[in-house]
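**Student:** Below, each chain spelled out in residue letters.
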Amino acid sequence: MTVREPRPDVVNAGASDDRQTVPWSAVEAARAGDTDAFMTIYDAYATRLRGLAFRTLGDPDLIDDAMQEVAVKAFLGMPHFRGECAVGTWLFQITYRTCLNLVRDRDRAVPLPDVELLADDATEDPAECVLLRIELAAALASLTVAQRAAVFLILEEGLDHQTAARVLGVPPGTVASRLYAARAALTRCLEDPRRTEEM
Amino acid sequence: MSDEQDKRLREALRGLRPPPPAADARERVRAAVTSAAAEAGAEPAAATPAAAERPEAARRRPFAVFARRRGLALGFAVLAIVALVAGVLLVGPPGGGGPEPVGAREVLRQALRALSSARTLAAEVTIRAPKSEMWTPETRYDVDRYRFLLRADGSYRLSRRGPSTFGWSPAGDSHPPTEVVFDARRGVLRTYSPEQGLVERSNYPLGPPDRWAGIITEHDFSAAARALQVVGAALLRTTVYEGRPAWVVTCSAVSGPSRPAISDEWPRYEITIDKATTLPVCFRALQDGRLLVEISYRSLHVDDPLPDRAFELKVPAGAPVRRLQNGFHRATLAAIARLPGYTTLVPAGVPPGYRRTQAATAPHAVTANHMVRGRRVVALQYTRGFDTLTVTTRLVADPWFAAEYDPFEVSQSWAEVFDQSATIPAGAFRGVDAQVVVAPATTVPHLWAVKNGVLLTIAGSATAEELLAIAASLEPGSR
Numbered sequence: 001m002t003v004r005e006p007r008p009d010v011v012n013a014g015a016s017d018d019r020q021t022v023p024w025s026a027v028e029a030a031r032a033g034d035t036d037a038f039m040t041i042y043d044a045y046a047t048r049l050r051g052l053a054f055r056t057l058g059d060p061d062l063i064d065d066a067m068q069e070v071a072v073k074a075f076l077g078m079p080h081f082r083g084e085c086a087v088g089t090w091l092f093q094i095t096y097r098t099c100l101n102l103v104r105d106r107d108r109a110v111p112l113p114d115v116e117l118l119a120d121d122a123t124e125d126p127a128e129c130v131l132l133r134i135e136l137a138a139a140l141a142s143l144t145v146a147q148r149a150a151v152f153l154i155l156e157e158g159l160d161h162q163t164a165a166r167v168l169g170v171p172p173g174t175v176a177s178r179l180y181a182a183r184a185a186l187t188r189c190l191e192d193p194r195r196t197e198e199m
Numbered sequence: 001m002s003d004e005q006d007k008r009l010r011e012a013l014r015g016l017r018p019p020p021p022a023a024d025a026r027e028r029v030r031a032a033v034t035s036a037a038a039e040a041g042a043e044p045a046a047a048t049p050a051a052a053e054r055p056e057a058a059r060r061r062p063f064a065v066f067a068r069r070r071g072l073a074l075g076f077a078v079l080a081i082v083a084l085v086a087g088v089l090l091v092g093p094p095g096g097g098g099p100e101p102v103g104a105r106e107v108l109r110q111a112l113r114a115l116s117s118a119r120t121l122a123a124e125v126t127i128r129a130p131k132s133e134m135w136t137p138e139t140r141y142d143v144d145r146y147r148f149l150l151r152a153d154g155s156y157r158l159s160r161r162g163p164s165t166f167g168w169s170p171a172g173d174s175h176p177p178t179e180v181v182f183d184a185r186r187g188v189l190r191t192y193s194p195e196q197g198l199v200e201r202s203n204y205p206l207g208p209p210d211r212w213a214g215i216i217t218e219h220d221f222s223a224a225a226r227a228l229q230v231v232g233a234a235l236l237r238t239t240v241y242e243g244r245p246a247w248v249v250t251c252s253a254v255s256g257p258s259r260p261a262i263s264d265e266w267p268r269y270e271i272t273i274d275k276a277t278t279l280p281v282c283f284r285a286l287q288d289g290r291l292l293v294e295i296s297y298r299s300l301h302v303d304d305p306l307p308d309r310a311f312e313l314k315v316p317a318g319a320p321v322r323r324l325q326n327g328f329h330r331a332t333l334a335a336i337a338r339l340p341g342y343t344t345l346v347p348a349g350v351p352p353g354y355r356r357t358q359a360a361t362a363p364h365a366v367t368a369n370h371m372v373r374g375r376r377v378v379a380l381q382y383t384r385g386f387d388t389l390t391v392t393t394r395l396v397a398d399p400w401f402a403a404e405y406d407p408f409e410v411s412q413s414w415a416e417v418f419d420q421s422a423t424i425p426a427g428a429f430r431g432v433d434a435q436v437v438v439a440p441a442t443t444v445p446h447l448w449a450v451k452n453g454v455l456l457t458i459a460g461s462a463t464a465e466e467l468l469a470i471a472a473s474l475e476p477g478s479r
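For the record, the sequence lines run as chains A and E. Taking our numbering, the leading residue of the first sequence gets 1, the next gets one more, and so forth. Taking our numbering, the leading residue of the second sequence gets 1, the next gets one more, and so forth.
Chain A on its own, in the form it takes in the complex (with noise of 0.2 Å):
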């Protein structure tokens, strides 16, 4: 497999997107078969790809597992990866379709986040904190898996609807449409007057 040339020295974590870096020569080792240098790619990019398992299983449970087997897949595919586009976004490609094959592979609704794996945040209201998370938790599982992957790969990690798209294996249009359904679902948490009230 040829890599194109010539390389830029780091490669970026996505293509709209280059808050991480990877040496090209760890791409490189990786390729060759080097599991330290692989290691050294997985844990730059190990948070956001969590992030987005996630968000796509929606189970807790299976994340690390999920990890696990994206790592696996990434370290065998790495030989055929020629450069076409990021790490990053080759690994949120990875990731998104390990994980899309365990949820329909086990066929299982997803469940909600349990509250007391949500984050703190001392600069608001605990309680009102707390009730919009679950809310917004149980809005998130009302959506597709795939409108999830495109409100976390757009809206929360920031790239553009051009590399989303390549990460979904979807035209841009239909993520662009899938955005907007789940993010008018999403916002209406933001601004349900019953929660209002209660506070």
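Derived from the structure by calculation, the hints contain no laboratory data. Note that the Cβ used here is the ideal one computed from N, Cα and C, for glycine as well. Among the hints, a few may not be true.
Claimed, not checked - A short list of chain E residues far from chain A (calculated; beta carbon distances all over 10 Å):
#1 5
#2 18
#3 103
#4 122
#5 203
#6 242
#7 289
#8 298
Said to hold, decoys possible - Partial selection, computed: residues in chain A whose CB lies under 10 Å from chain E:
#9 53
#10 65
#11 71
#12 85
#13 145
Stated by the list, open to error - Derived Cβ-Cβ restraints for the label pairs, each shown as a range:
#14 477(E) to 32(A): 29 to 35 Å
#15 160(A) to 20(E): 27 to 33 Å
#16 160(A) to 479(E): 53 to 59 Å
#17 158(A) to 479(E): 35 to 41 Å
#18 185(A) to 22(E): 30 to 36 Å
#19 103(E) to 76(A): 15 to 21 Å
Given the coordinates of chain A, work out where chain E should sit on it, guided by the hints.
**Tutor:** For chain E alone, coordinates are given in the frame of chain A:
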């Protein structure tokens, strides 16, 4: 939608972060990647001479296994066919959107993948084998029929239809049972026959080597498919089966990386798969062109709900009841670790998708082949769909014998033909030579090693490299 709303939504969503990874998550990932790297770069098993280089006696003895213990042949055969049935069914017919299998290896790979995620199986099973071990053109056949249910937690049920000509029992009952029900969650095996009544065995072993791996339905039939995966050069041909186009996957009982896929010297396995439905319709084991066993499945359902009541065993009022203890007490690892004299060795890494489902301890145990006595046995079970892995450690009185003798097989023959010796590179058994046996004819891929009087066994659906990686990740622990 305003930018302000997006900002609020983004902030709110960031409050729904995933939980932190488990403490050992990264190490598990590393172990899985390392294992994958080893598998991807594995050389053919040069340590094991090709079959042709073996002494005649060693090459011929595997036939004796079939002759002496027909259940072994039946067990493997059933394991293989169920694995393929489940696998191909779950993958779906070629016209259903999935890619058409391109070769025997791909068919087997799909079976393995499906088994990792399957949840239930229900089928009618028919088994046919010659009445006499001395085959003649007039040889007649025994035929047994069962209704078979299996759940991914390991629970299974076999309901015999009609008389048994094989006389099979999973636990050595004196009369072949008409009903066999294993409750994996509670570790209870129940068998019923009109002659013997109900026999209830509590604290049943988690898995091999303390119970048979490959007799009819024991949970780990996917391990047989894993063993079949070593058949890199299995043949795929087309045929006509009962008037319908079909595939036939053919391999030899001893096929492997360093052996030919087909050899006239060894038993041959043939699996027929209906092309239209991709349903395997027949499994045959042949020796010198003569049938050893034939198994067919009908009315097969995959992933249909199997409620607990499907595994309830009702026996006639007044039937005698006998209760037995098999000594494997289910417990948490922490509780086992607190027992005086017990050391719990836990793998830091297992192949992707596996999770620990049970732990048990037994003060004394004898392996199912009656060859190795042990005490202070600790058994851990990991599952992944229908895949299982069982890891055990035990103190043995005769470490030399335990190191030499395969604790899994009814005969040494398979191990002599297939085993590879490999040094465990890390962990509690670092530096010890392990014996690894993975081949189509074994009941289950397995590994064993002895250090300081402790016998380690690992058995289940895994490649040789994965078994070795698990052994290398063993460390004392209670989580």
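**Student:** If a hint holds in the structure, say so; if it doesn't, say that too.
**Tutor:** For each hint, the structure was consulted:
no., hint, in the structure
1, 5, "6 Å, violated"
2, 18, "3 Å, violated"
3, 103, "19 Å, holds"
4, 122, "17 Å, holds"
5, 203, "28 Å, holds"
6, 242, "32 Å, holds"
7, 289, "40 Å, holds"
8, 298, "25 Å, holds"
9, 53, "7 Å, holds"
10, 65, "6 Å, holds"
11, 71, "5 Å, holds"
12, 85, "22 Å, violated"
13, 145, "15 Å, violated"
14, 477(E) to 32(A): 29 to 35 Å, "34 Å, holds"
15, 160(A) to 20(E): 27 to 33 Å, "29 Å, holds"
16, 160(A) to 479(E): 53 to 59 Å, "43 Å, violated"
17, 158(A) to 479(E): 35 to 41 Å, "37 Å, holds"
18, 185(A) to 22(E): 30 to 36 Å, "32 Å, holds"
19, 103(E) to 76(A): 15 to 21 Å, "19 Å, holds"
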